[in-house]
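There are 2 protein chains.
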Amino acid sequence: MVQGAQRETIDLAVSTVIFALRPAPDGGSPTLWIPLVRRIRQPYEGQWALPGGRLRYSESLAEAARRNLKETTDLEPKYLEQLYAFGDPERSPGDRVVSIVYWALVHAEQADRVAEGENVRWFVADELPDLAFDHNGIIDYALWRLRNKVEYSRIAHALLGETFTLSQLRSVHEAILRRSIDPANFRRQMEATGGLVATEAVVTGGRHRPPRLYRYDEDVDMADNGPLGPRAS
Amino acid sequence: MVQGAQRETIDLAVSTVIFALRPAPDGGSPTLWIPLVRRIRQPYEGQWALPGGRLRYSESLAEAARRNLKETTDLEPKYLEQLYAFGDPERSPGDRVVSIVYWALVHAEQADRVAEGENVRWFVADELPDLAFDHNGIIDYALWRLRNKVEYSRIAHALLGETFTLSQLRSVHEAILRRSIDPANFRRQMEATGGLVATEAVVTGGRHRPPRLYRYDEDVDMADNGPLGPRAS
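Protein sequences appear in the order of chains A and B.
All the letters of the first sequence, read from the start, carry residue numbers 508 to 740 under this note's numbering.
All the letters of the second sequence, read from the start, carry residue numbers 508 to 740 under this note's numbering.
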């Protein structure tokens, strides 16, 4: 390891893995995508990396994550949760950086508004190039958490609107888990959790049996962050 | 908030919530206990706090947690996992400290070897005094994680020996969840997970139907830390 000549300061950064569901590159079924930013200085100059930056003295960890996302990608995610703190002494050549990483979900419409260019681009989450630092490993871990969590919580919500059909909800689960799910089994499973409420509304458009719209029951505890609740700083 | 006059450095600390099962204070059933250390300087001088300290330049986060535990309590936990990074700007009066918190489980026999004294003491986890900083809230969150995790993983293992009876395993679950569990339901639930292996051994002692000893099936993926695996740095 290269020891800093002038200092042995440990720097603290906050980065975020942002997921959105967008059509596959061939225009096909919904797929998980991640926005990355190109590094404009050493180390890893020119390589793609997670959006992030130094923690400022007077902001909380979640505030730092939101500020960085806004500055680099202009995204303001509805769902933002702390993922993990990565602190291997060798992870950043020449200095010591501990990165506290968040993960976020954004709607496809919001994702479409990101101005792609030389230094910001969306990538298919399972087909990434070699990224700067340990960011490939961080994204693997975020994908694992997302795939686990979709099974027992309502995070699919953050990828949909306020109301949705069971078919739309199922396609979110299918895209995240990358496997097809039997519609009847899915309906039974969702009804068993007790967290979905059928609204009076149906999808309009003149079909013979228009699909019903559902919403999540806000009275059911999300049990996502426990006593941390919405603080998450 | 008091702004540091000379500096706006953000300090990085690593602390650990350690759980052990020991008899209740009245000598009764197994109960969750936590060791705390008394602060010997400001802020919060004289108050109880989680064991922890500054991260050193060349150690990983998990190494810092293990070193601090060894130095303050002489404990070397079998199970150690990152809990959360706490970074509210107001959590430490007069400076800015981000604490990356781990949680650990130790066997009762190891817990018994901790030399209690003026500055180290075990407390019942659900009956704590007012602690320094935000440590009461951190412990609430660790208890929530432990109680969730015992339902879907094998962390009870870290509180037992290599082999154990179903009755011993059930009493660990009962102590963590603070409710009694029906023995027949518990047996069915454990058999359904497929992770327990009945050994050839039974508990000796001349009983008519000596209880069988079980162990965890090492071939079944623990699915605890995902792709992070044992690295956890």
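Calculated from the structure, these hints are not laboratory results.
Among the clues, some could well be false.
For chains that are exact copies, the list does not tell them apart, and a pair is met inside one copy or across any two.
[Claimed, not checked] As a list, the in silico SDA-like pairs of lysine to any residue whose alpha-carbon atoms are at most 20 angstroms apart:
| id | residue 1 | residue 2 |
| --- | --- | --- |
| 1 | Lys656 | Arg716 |
| 2 | Lys656 | Leu590 |
| 3 | Lys577 | Tyr723 |
| 4 | Lys656 | Leu582 |
| 5 | Lys577 | Asp689 |
| 6 | Lys656 | Glu588 |
| 7 | Lys577 | Gly701 |
| 8 | Lys656 | Ala705 |
| 9 | Lys585 | Gly534 |
| 10 | Lys577 | Asn655 |
| 11 | Lys577 | Gly712 |
| 12 | Lys585 | Arg574 |
| 13 | Lys656 | Gln549 |
| 14 | Lys577 | Thr706 |
| 15 | Lys656 | Asp595 |
| 16 | Lys585 | Ile662 |
| 17 | Lys577 | Tyr721 |
| 18 | Lys577 | Asn692 |
| 19 | Lys585 | Glu515 |
| 20 | Lys656 | Ala708 |
Structure-based check of each hint:
1. Proximity of Lys656 to Arg716 under the C-alpha cut-off of 20 angstroms is found in neither arrangement, the shortest distances being 32 angstroms within a copy and 43 angstroms between copies.
2. Taking CA atoms no more than 20 angstroms apart as the test, Lys656 paired with Leu590 passes in both settings, with 12 angstroms inside one copy and 17 angstroms between copies.
3. Taking the shortest alpha-carbon separations for Lys577 and Tyr723, neither the intra-copy value of 28 angstroms nor the inter-copy value of 47 angstroms comes in at or below 20 angstroms.
4. Within a single copy, Lys656 and Leu582 get their C-alpha atoms no closer than 22 angstroms, and across copies no closer than 33 angstroms, so neither meets the 20 angstroms cut-off.
5. When the C-alpha separation of Lys577 and Asp689 is checked against a cutoff of 20 angstroms, the pair qualifies neither within a copy, at 38 angstroms, nor between copies, at 52 angstroms.
6. Within a single copy, Lys656 and Glu588 get their C-alpha atoms as close as 12 angstroms, and across copies as close as 18 angstroms, so both meet the 20 angstroms cut-off.
7. In this homomeric assembly, Lys577 and Gly701 never come within 20 angstroms of each other (Cα to Cα): the closest approach is 35 angstroms inside a single copy and 46 angstroms across copies.
8. Taking identical chains as interchangeable, the C-alpha atoms of Lys656 and Ala705 are never at most 20 angstroms apart, the minima being 23 angstroms within one chain and 31 angstroms between chains.
9. Neither within a single protomer nor between protomers do Lys585 and Gly534 lie at most 20 angstroms apart by alpha-carbon distance, with minima of 26 angstroms and 49 angstroms respectively.
10. In this assembly of identical chains, the alpha carbons of Lys577 and Asn655 never lie at most 20 angstroms apart, being 27 angstroms within a copy and 34 angstroms across copies at closest.
11. In this assembly of identical chains, Lys577 and Gly712 lie within 20 angstroms of each other by CA distance neither inside one copy nor across copies; the values are 37 angstroms within and 67 angstroms between.
12. In the homo-oligomer, the alpha carbons of Lys585 and Arg574 lie at most 20 angstroms apart inside one protomer (14 angstroms), although the nearest pairing across protomers, at 39 angstroms, exceeds that limit.
13. For the identical chains of this complex, Lys656 and Gln549 are neighbours neither inside a copy (35 angstroms) nor across copies (41 angstroms), given an alpha-carbon limit of 20 angstroms.
14. Taking CA atoms no more than 20 angstroms apart as the test, Lys577 paired with Thr706 passes in neither setting, with 34 angstroms inside one copy and 57 angstroms between copies.
15. Taking the closest pair of Cα atoms, Lys656 and Asp595 never come within 20 angstroms of each other, the shortest separation being 26 angstroms inside a single copy and 25 angstroms across copies.
16. Proximity of Lys585 to Ile662 under the C-alpha cut-off of 20 angstroms is restricted to the intra-copy arrangement: shortest distance 10 angstroms within a copy versus 33 angstroms between copies.
17. Proximity of Lys577 to Tyr721 under the C-alpha cut-off of 20 angstroms is found in neither arrangement, the shortest distances being 31 angstroms within a copy and 53 angstroms between copies.
18. When the C-alpha separation of Lys577 and Asn692 is checked against a cutoff of 20 angstroms, the pair qualifies neither within a copy, at 39 angstroms, nor between copies, at 50 angstroms.
19. Taking the closest pair of Cα atoms, Lys585 and Glu515 never come within 20 angstroms of each other, the shortest separation being 37 angstroms inside a single copy and 31 angstroms across copies.
20. For the identical chains of this complex, Lys656 and Ala708 are neighbours neither inside a copy (28 angstroms) nor across copies (38 angstroms), given an alpha-carbon limit of 20 angstroms.
Going down the numbered hints, you'll see the structure goes against 1, 3, 4, 5, 7, 8, 9, 10, 11, 13, 14, 15, 17, 18, 19 and 20, while the others check out.
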